[in-house]
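**Student:** As you go down the protein sequences, you meet chains A and B in turn.
Residue 43 in our numbering sits at position 43 of the first sequence, with consecutive numbering throughout.
Residue 33 in our numbering sits at position 33 of the second sequence, with consecutive numbering throughout.
Source of the hints: derived by calculation from the structure; they are not laboratory data.
This structure is a prediction, so every number in the text was calculated from the model and none was measured.
Accuracy of the hints is not assured; some may be wrong.
[Said to hold, decoys possible] FRET-style restraints, in silico, Cβ to Cβ: (1) B:E307 x A:H331: 45 to 55 Å; (2) A:E31 x B:G139: 26 to 36 Å; (3) A:E188 x B:A246: 40 to 50 Å; (4) B:P200 x A:G185: 41 to 51 Å.
[Claimed, not checked] In silico DSS-like links for lysine-lysine, alpha-carbon gap of 27 Å or less: (5) A:K138 x B:K203; (6) B:K206 x B:K294; (7) A:K270 x B:K206; (8) B:K196 x B:K239; (9) B:K270 x A:K270; (10) B:K327 x A:K274; (11) A:K254 x A:K239; (12) A:K278 x B:K206; (13) B:K190 x A:K278; (14) B:K239 x B:K206; (15) A:K239 x A:K190; (16) A:K278 x B:K33; (17) B:K138 x B:K274; (18) B:K82 x B:K203; (19) B:K206 x B:K138; (20) A:K270 x B:K138; (21) A:K263 x B:K263; (22) A:K138 x B:K327; (23) B:K83 x A:K239; (24) B:K83 x B:K138; (25) A:K123 x A:K206; (26) B:K82 x A:K190; (27) A:K239 x A:K274; (28) B:K254 x A:K254; (29) A:K82 x A:K96; (30) B:K196 x A:K196; (31) A:K190 x B:K203; (32) A:K239 x B:K263; (33) B:K254 x A:K278; (34) A:K239 x B:K52; (35) A:K254 x B:K206; (36) B:K82 x A:K263; (37) B:K196 x A:K253; (38) B:K274 x A:K190; (39) A:K274 x B:K239; (40) B:K278 x A:K263.
For glycine and all other residues, C-beta sits at the position ideal for the given N, C-alpha and C.
Residue-level listing of the chains:
There are 2 protein chains.
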Amino acid sequence: MSELVKVVVDAMGGDYAPEVPVKGAVDALNERKEIFVYLAGRKEMVEKELAKYEYPKDRLEIVEASEVIETAEPPVAAIRSKKDSSIVVGQTLLRKQQADAFVSSGSTGAVLVGGQVIVGRIKGVERAPLAPLIPTAKGASLLIDCGANVDARPSHLVQFAKMGSVYMENIAGVKRPKVAIVNIGAEEEKGNALVKETFPLLKECKDIQFIGSIEARDIPAGDADVIVCEAFVGNVILKLYEGVGATLISQIKKSMMSNMRSKLGAALVKPALKETLKTFDISAHGGAPLLGLKGLVVKTHGSASAEQIKNALFQCEQFKRQDVTGKIREHIVV
Amino acid sequence: MSELVKVVVDAMGGDYAPEVPVKGAVDALNERKEIFVYLAGRKEMVEKELAKYEYPKDRLEIVEASEVIETAEPPVAAIRSKKDSSIVVGQTLLRKQQADAFVSSGSTGAVLVGGQVIVGRIKGVERAPLAPLIPTAKGASLLIDCGANVDARPSHLVQFAKMGSVYMENIAGVKRPKVAIVNIGAEEEKGNALVKETFPLLKECKDIQFIGSIEARDIPAGDADVIVCEAFVGNVILKLYEGVGATLISQIKKSMMSNMRSKLGAALVKPALKETLKTFDISAHGGAPLLGLKGLVVKTHGSASAEQIKNALFQCEQFKRQDVTGKIREHIVV
Numbered sequence: 001m002s003e004l005v006k007v008v009v010d011a012m013g014g015d016y017a018p019e020v021p022v023k024g025a026v027d028a029l030n031e032r033k034e035i036f037v038y039l040a041g042r043k044e045m046v047e048k049e050l051a052k053y054e055y056p057k058d059r060l061e062i063v064e065a066s067e068v069i070e071t072a073e074p075p076v077a078a079i080r081s082k083k084d085s086s087i088v089v090g091q092t093l094l095r096k097q098q099a100d101a102f103v104s105s106g107s108t109g110a111v112l113v114g115g116q117v118i119v120g121r122i123k124g125v126e127r128a129p130l131a132p133l134i135p136t137a138k139g140a141s142l143l144i145d146c147g148a149n150v151d152a153r154p155s156h157l158v159q160f161a162k163m164g165s166v167y168m169e170n171i172a173g174v175k176r177p178k179v180a181i182v183n184i185g186a187e188e189e190k191g192n193a194l195v196k197e198t199f200p201l202l203k204e205c206k207d208i209q210f211i212g213s214i215e216a217r218d219i220p221a222g223d224a225d226v227i228v229c230e231a232f233v234g235n236v237i238l239k240l241y242e243g244v245g246a247t248l249i250s251q252i253k254k255s256m257m258s259n260m261r262s263k264l265g266a267a268l269v270k271p272a273l274k275e276t277l278k279t280f281d282i283s284a285h286g287g288a289p290l291l292g293l294k295g296l297v298v299k300t301h302g303s304a305s306a307e308q309i310k311n312a313l314f315q316c317e318q319f320k321r322q323d324v325t326g327k328i329r330e331h332i333v334v
Numbered sequence: 001m002s003e004l005v006k007v008v009v010d011a012m013g014g015d016y017a018p019e020v021p022v023k024g025a026v027d028a029l030n031e032r033k034e035i036f037v038y039l040a041g042r043k044e045m046v047e048k049e050l051a052k053y054e055y056p057k058d059r060l061e062i063v064e065a066s067e068v069i070e071t072a073e074p075p076v077a078a079i080r081s082k083k084d085s086s087i088v089v090g091q092t093l094l095r096k097q098q099a100d101a102f103v104s105s106g107s108t109g110a111v112l113v114g115g116q117v118i119v120g121r122i123k124g125v126e127r128a129p130l131a132p133l134i135p136t137a138k139g140a141s142l143l144i145d146c147g148a149n150v151d152a153r154p155s156h157l158v159q160f161a162k163m164g165s166v167y168m169e170n171i172a173g174v175k176r177p178k179v180a181i182v183n184i185g186a187e188e189e190k191g192n193a194l195v196k197e198t199f200p201l202l203k204e205c206k207d208i209q210f211i212g213s214i215e216a217r218d219i220p221a222g223d224a225d226v227i228v229c230e231a232f233v234g235n236v237i238l239k240l241y242e243g244v245g246a247t248l249i250s251q252i253k254k255s256m257m258s259n260m261r262s263k264l265g266a267a268l269v270k271p272a273l274k275e276t277l278k279t280f281d282i283s284a285h286g287g288a289p290l291l292g293l294k295g296l297v298v299k300t301h302g303s304a305s306a307e308q309i310k311n312a313l314f315q316c317e318q319f320k321r322q323d324v325t326g327k328i329r330e331h332i333v334v
């Protein structure tokens with residue numbers, strides 16, 4: 001048996017904590033023998049949840065954390081003041097190298113800030129981007145960066161391209177991932193100042209397969225595996241993806257319920273439709289890694305299911321086994 | 001009878017020129033008595049199209065333009081070199097005040113460049129934004145700016161907010177339009193440098209109803225009437241709207257055809273579904289005005305139908321009747 005991969009799960013984070021994160025962790029332990037879980041949270045609450053399940057007790061440990069950071073709290077202040085929160089306690093285990101990864105459905109802002117100030121960046125990494133997978137017609141693409149640090153410099157975007165490429169190759173199993181930069185036209189001379197400066201730098205990178213610009217219109221088709229952009233634009237893309245999808249689906253449902261004929265039809269198409277909509281649901285595509293840190297931090301959706309949290313744990317295991325951190329270190333030459 | 005509104009229609013622009021623009025113009029003339037049309041294009045081709053229809057001959061004039069600017073041509077060079085193109089000839093009529101408005105389904109880049117250098121901006125207007133209507137659950141919102149000039153300054157965004165507000169009030173009939181700025185969070189302290197600088201300026205504007213930040217996720221719900229952003233972000237929003245919609249719809253159609261049961265259901269829901277998808281089609285929401293110019297320039301989609309071009313002509317008529325240019329001038333204090 002190879003070495004255990006140690007994952008801290010934020011038992012207090014997310015809309016359905018502690019039930020859902022605890023169940024996700026237990027399910028992961030029962031399915032994979034090489035995962036060890038630290039559950040960070042209020043001991044009493046966590047124990048009550050754990051009492052519901054059978055699981056390998058030698059591979060789970062509760063780490064007491066008496067405070068909870070709420071979603072609405074200003075992240076920097078929360079990380080500073082709530083030293084005994086599940087996020088701070090959990091990420092501190094990463095910093096001390098007692099654990100390999102941290103998974104949380106809690107406050108995105110606090111998880112990001114904590115990642116930077118508690119876990120810390122790999123030497124040479126200028127910024128740690130948040131990189132969710134977004135659904136496309138061909139599967140999923142990595143959208144990098146959707147984090148909280150906006151107004152990036154060209155050197156940041158170049159690092160995002162390299163880190164994203166390493167991630168997609170090692171975690172999603174994509175050979176020589178196609179990397180594109182978000183732009184407002186396909187031609188090299190198009191773009192804002194940031195894109196124009198970054199474009200030639202990406203062309204020079206020998207360790208990535210740069211395919212040029214991608215217009216937002218073409219993102220859902222899935223022609224690029226790694227989609228590089230500055231965090232403000234990344235946030236707009238990620239959230240509009242959710243928004244257009246949700247509104248369109250609700251309008252379609254409404255139209256199907258508009259008369260008897262349609263209602264009958266809706267009942268017939270429902271099973272097939274449901275399957276399709278599921279593949280186009282952003283939250284279904286696992287957790288978003290915060291790349292370039294000394295340990296892996298994964299942010300799962302606030303409403304993530306136990307299955308999604310379980311999958312995030314598997315993602316952490318693979319991240320460790322493939323030594324993604326080591327590979328990122330190799331590509332980021334200081 | 002009040003004064004005629006004179007609209008130049010680019011007879012050579014778009015995927016189906018000259019058939020479609022000519023038909024759109026003729027239909028507009030037959031429906032409204034107070035429109036006069038100049039058809040700019042190759043006389044022989046335009047005459048051949050016109051021969052198919054009945055229309056009031058005293059309200060239509062062909063303006064010879066021997067050249068055509070293709071979509072792929074670099075816009076600045078094309079506007080400079082093709083002096084006898086339908087776009088240059090048509091926009092020159094605006095500059096000379098021989099016409100009130102110009103409608104084209106041709107090269108977006110060339111229409112935008114021509115608007116700036118040929119038609120010219122209203123005194124005090126720093127930038128002329130392209131402002132398409134995008135479909136929402138409540139109807140449509142104006143997305144301003146989606147043009148070609150990126151890296152805007154805060155003063156530009158403030159002018160966009162004012163011009164967009166005047167447009168929605170006078171053309172879409174929205175009383176006190178709600179204006180929001182695209183941001184990555186709802187709180188005032190969030191955003192990139194541009195948004196942070198612009199936010200307090202918008203709050204100070206007494207002539208608009210500023211409601212604060214809007215996250216991309218909430219745009220499709222239709223809570224803001226005027227959505228202000230810098231052109232790079234506007235382009236991403238506009239094109240992702242199209243892209244996500246198109247991909248999702250094609251996946252839904254595919255899923256409905258996946259088995260016999262679904263196929264039967266699909267036949268039943270089709271009419272209602274078609275209606276819904278139509279309201280969510282960006283190209284169905286008329287032409288996008290280029291605001292802040294001395295005359296109105298409207299860019300219709302390259303694949304615009306005759307009906308859409310007809311509607312763009314009606315839009316021009318209302319723009320003139322409501323004296324939108326005069327109202328913009330009042331709000332942009334130099």
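**Student:** Each hint: holds or not?
**Tutor:** Against the structure, the hints:
no.	hint	result
1	B:E307 x A:H331: 45 to 55 Å	holds (54 Å)
2	A:E31 x B:G139: 26 to 36 Å	violated (48 Å)
3	A:E188 x B:A246: 40 to 50 Å	violated (26 Å)
4	B:P200 x A:G185: 41 to 51 Å	violated (33 Å)
5	A:K138 x B:K203	violated (44 Å)
6	B:K206 x B:K294	holds (25 Å)
7	A:K270 x B:K206	violated (50 Å)
8	B:K196 x B:K239	holds (25 Å)
9	B:K270 x A:K270	holds (14 Å)
10	B:K327 x A:K274	violated (49 Å)
11	A:K254 x A:K239	holds (22 Å)
12	A:K278 x B:K206	violated (45 Å)
13	B:K190 x A:K278	violated (31 Å)
14	B:K239 x B:K206	violated (32 Å)
15	A:K239 x A:K190	holds (24 Å)
16	A:K278 x B:K33	violated (52 Å)
17	B:K138 x B:K274	holds (18 Å)
18	B:K82 x B:K203	violated (44 Å)
19	B:K206 x B:K138	holds (26 Å)
20	A:K270 x B:K138	holds (26 Å)
21	A:K263 x B:K263	holds (14 Å)
22	A:K138 x B:K327	violated (49 Å)
23	B:K83 x A:K239	violated (44 Å)
24	B:K83 x B:K138	violated (43 Å)
25	A:K123 x A:K206	holds (21 Å)
26	B:K82 x A:K190	holds (22 Å)
27	A:K239 x A:K274	holds (21 Å)
28	B:K254 x A:K254	holds (20 Å)
29	A:K82 x A:K96	holds (18 Å)
30	B:K196 x A:K196	holds (24 Å)
31	A:K190 x B:K203	violated (33 Å)
32	A:K239 x B:K263	violated (32 Å)
33	B:K254 x A:K278	holds (14 Å)
34	A:K239 x B:K52	violated (48 Å)
35	A:K254 x B:K206	violated (39 Å)
36	B:K82 x A:K263	violated (56 Å)
37	B:K196 x A:K253	violated (38 Å)
38	B:K274 x A:K190	violated (36 Å)
39	A:K274 x B:K239	holds (26 Å)
40	B:K278 x A:K263	holds (20 Å)
Hint compliance for this structure: hints 2, 3, 4, 5, 7, 10, 12, 13, 14, 16, 18, 22, 23, 24, 31, 32, 34, 35, 36, 37 and 38 are broken, all remaining hints hold.
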